[in-house]
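Just so you know, the protein sequences line up as chains A and B, in that order.
Quick note on numbering: the first sequence equals residues 1 to 354 in the working numbering.
Quick note on numbering: the second sequence equals residues 1 to 354 in the working numbering.
Take the hints with a grain of salt, since some may be wrong.
If chains are identical, the list can't say which one is meant, so a pair holds when it fits in one copy or spans any two.
To be verified - Computed list of lysine to any residue pairs in SDA-like fashion (alpha-carbon distance at most 25 angstroms, straight line):
id, residue 1, residue 2
1, LYS121, LEU285
2, LYS348, GLU94
3, LYS11, ILE161
4, LYS112, ILE15
5, LYS328, ARG123
6, LYS348, ARG110
7, LYS348, LEU141
8, LYS72, GLU335
9, LYS121, ALA284
10, LYS121, GLY108
11, LYS348, GLU41
12, LYS143, MET1
13, LYS348, VAL193
14, LYS121, ASN32
15, LYS143, ASP35
16, LYS112, ARG44
17, LYS142, ASP69
18, LYS328, GLY225
19, LYS112, MET1
20, LYS142, VAL329
21, LYS328, ARG14
22, LYS121, ARG6
23, LYS121, HIS83
24, LYS142, GLU94
25, LYS112, LEU254
26, LYS328, TYR144
It is worth saying that the hints were derived from the structure and are not from the lab.
Bear in mind the structure is a predicted one, so any value in this text is a computation, not a measurement.
Protein chains: 2
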Amino acid sequence: MIARRRSLQVKVGRITLGGDAPVRVQSMTNTNPHDVAATVEQVRRLEEAGCEMVRLAVPDEGAVRALRDIRKEVDVPIVADIHFDHRLALGALEAGADKLRINPGNIGGRDKVEAVARAAKERGVPIRVGVNSGSIRRDFLKKYGPTPEAMVESALEEVRILEEVGFQDIVVSLKASDVPRTVRAYELIADRVPYPLHIGITEAGTVRSGSVRSAVGLGILLWEGIGDTVRVSLSGDPVEEVRVAYEILKSLDLRRRGAKVVACPTCGRAEIDVASLAERVERALEGLERPLTVAVMGCVVNGPGEAKEADVGVAGGRRGGVVFREGKVVRRVEEGEIFDALMEEIGKIWEGGR
Amino acid sequence: MIARRRSLQVKVGRITLGGDAPVRVQSMTNTNPHDVAATVEQVRRLEEAGCEMVRLAVPDEGAVRALRDIRKEVDVPIVADIHFDHRLALGALEAGADKLRINPGNIGGRDKVEAVARAAKERGVPIRVGVNSGSIRRDFLKKYGPTPEAMVESALEEVRILEEVGFQDIVVSLKASDVPRTVRAYELIADRVPYPLHIGITEAGTVRSGSVRSAVGLGILLWEGIGDTVRVSLSGDPVEEVRVAYEILKSLDLRRRGAKVVACPTCGRAEIDVASLAERVERALEGLERPLTVAVMGCVVNGPGEAKEADVGVAGGRRGGVVFREGKVVRRVEEGEIFDALMEEIGKIWEGGR
């Protein structure tokens, strides 16, 4: 149902971003950037969770050296996150970064911008420029206040600097820690540049509250067709960011990956412990990559009806449950056997190659 | 920034719903509807969490009797959820329900609809009619398939039945278990009826995934100005539904309640354990009713800058942290003292009556 804004496309290592590419999921490591082993381990966990680009902070030369070693150990495209120092950008490119995140406006003049742009172009590496509500250029901040307009003008200035040196493999981001400003800023810039947009709510918060805020903000933008890659920012394990990103994208049918567990909200009618069962099923299917919809319903009244479109499901009955596949009852089981019966049916779907 | 659709207003007990009333938060008990003590306890917990209307399933006469007793014990407006049997609706009204959720299309004819509508009108009690994707009328399902159009036509039919007997204190809902259909259905009906809309994603799932799906769906609708009351459906403790509902509304500046913890996503630059600290702060402030924004930032680079708009915050430094209020540094503390220092500053804000 969503008509996506059609942007230019860039390549980030082995994947495409923007244009007709699927909305890409990315995250950022939070390990010590000098600790190669810990970072490689986290990058691998992210990749397993479905992360398609991993960003690493590159604050100094030591991190450039680490990046070179990390690059040899992992396949997933790597984004180097750099501030202020163009030598780190050049180093990161040489170390094998597949994308840079750097603002040319603060690396110290046209020479340096040209050097970075030339090196990136030679390697076919795109650059993300981006403005956070906290890093709006002083003149725009003065002119507009901390508004979406100021964020957009700041970002357009960064874009202009790259365009002036003939660089166009650009990705743009505009993040505020609040949803309304972030959404407005992206709505404004969506019509003003042809580049792919990286969307996210910055400093979203803890896993508990941040995932809700990110879902609201990214959900609105994606529904409007805006966004070519998403980063969910959470204070916690970045693997959670990837999980939440896919939940958001799956909820809008923009990506399919793994299990979607549909469960009823256990009203007074529920005859089985829906919440525990749904959680158990969700966890059991956590590693799953292929798409599958599972319904866990408390009662037979709404059960099969509401979940007609699930691949497999269960509805609680007075003393057990009814297992169904594609809305049709396939067996009746005791309450204690529901989980196993459900997993057995799922196993059959696998075997059937469906 | 959101221009809300302006609906008619109804009264639900002591509160207003629709029109210029704030978007109301509601939930539903999942206790045994005959168990008065357990239900009263849950209703009270919901009310404490900020729930403004509590729905109870009323599947039989025993539940009507329980409702009467529950009504005496709690103040919060009560919504009676009834299917098929108009006598239960009449009983619930007499027992003191402040709102009914019932579909007149399936209670057995015009006489019964008139009886319920008359009794509701006498008491000034509104009626919510609603269609779930699983309960679309057969003729519309045949004509349209399980589409948003079928949901809308089904709901309009329920509305028409009430309007025909002169009843207009109506609230409408249209829920599917998937976001795109739900959003489209509400977008379609928003222009076709003047009534308040109850919005929700039905069978959203577990707390983990359901809160993300609800946030996406309700976030989109609320951003479009649609929605006068929200229900987040989760398989779990309904108190979580209320918490998530407020997170959604707060993220769009539609309601203010309690603490909003803004935390950075702990990149390689973080110098304190942001995730644990943010979670600790969030939990410590969980019961809070008055609005407060707290920033927990990993490093001094972006810390105070990014969180300028927070009431109070902390940014990690090399060996401790910097506490600030409204963007200004007020003290420096050791890492082990950050939490206490932050809570102390929050205490001062209280005392200052701000």
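Structure-based check of each hint:
1. LYS121 - LEU285: Intra 42 angstroms, inter 50 angstroms, cutoff 25 angstroms: neither.
2. LYS348 - GLU94: neither (49 angstroms within a copy, 52 angstroms between copies)
3. LYS11 - ILE161: Classified as within: same-chain Cα gap 21 angstroms, cross-chain 57 angstroms, threshold 25 angstroms.
4. LYS112 - ILE15: Neither. Shortest intra-copy (28 angstroms) and inter-copy (62 angstroms) distances fail the 25 angstroms Cα cut-off.
5. LYS328 - ARG123: neither (55 angstroms within a copy, 44 angstroms between copies)
6. LYS348 - ARG110: Answer is neither: 62 angstroms inside a copy and 49 angstroms across each miss the 25 angstroms cutoff.
7. LYS348 - LEU141: neither (60 angstroms within a copy, 31 angstroms between copies)
8. LYS72 - GLU335: For LYS72 and GLU335, neither the intra-copy (51 angstroms) nor the inter-copy (36 angstroms) Cα distance is at most 25 angstroms.
9. LYS121 - ALA284: So LYS121 and ALA284 fail the 25 angstroms test inside a copy (45 angstroms) and across (50 angstroms) alike.
10. LYS121 - GLY108: Within one copy, since 19 angstroms is at most 25 angstroms while 72 angstroms is not.
11. LYS348 - GLU41: Neither: 34 angstroms inside a chain and 44 angstroms across chains, both beyond 25 angstroms.
12. LYS143 - MET1: between (39 angstroms within a copy, 20 angstroms between copies)
13. LYS348 - VAL193: neither (49 angstroms within a copy, 47 angstroms between copies)
14. LYS121 - ASN32: neither (29 angstroms within a copy, 66 angstroms between copies)
15. LYS143 - ASP35: neither (42 angstroms within a copy, 62 angstroms between copies)
16. LYS112 - ARG44: Intra 33 angstroms, inter 63 angstroms, cutoff 25 angstroms: neither.
17. LYS142 - ASP69: neither (43 angstroms within a copy, 61 angstroms between copies)
18. LYS328 - GLY225: Answer is neither; intra-copy 36 angstroms and inter-copy 39 angstroms both fail.
19. LYS112 - MET1: neither (44 angstroms within a copy, 40 angstroms between copies)
20. LYS142 - VAL329: For LYS142 and VAL329, only the inter-copy Cα distance (22 angstroms) is at most 25 angstroms; the intra-copy one is 65 angstroms.
21. LYS328 - ARG14: neither (42 angstroms within a copy, 45 angstroms between copies)
22. LYS121 - ARG6: For LYS121 and ARG6, only the intra-copy Cα distance (23 angstroms) is at most 25 angstroms; the inter-copy one is 52 angstroms.
23. LYS121 - HIS83: within (19 angstroms within a copy, 65 angstroms between copies)
24. LYS142 - GLU94: neither (38 angstroms within a copy, 62 angstroms between copies)
25. LYS112 - LEU254: neither (39 angstroms within a copy, 45 angstroms between copies)
26. LYS328 - TYR144: Answer is between; shortest inter-copy Cα gap is 22 angstroms, intra-copy 59 angstroms.
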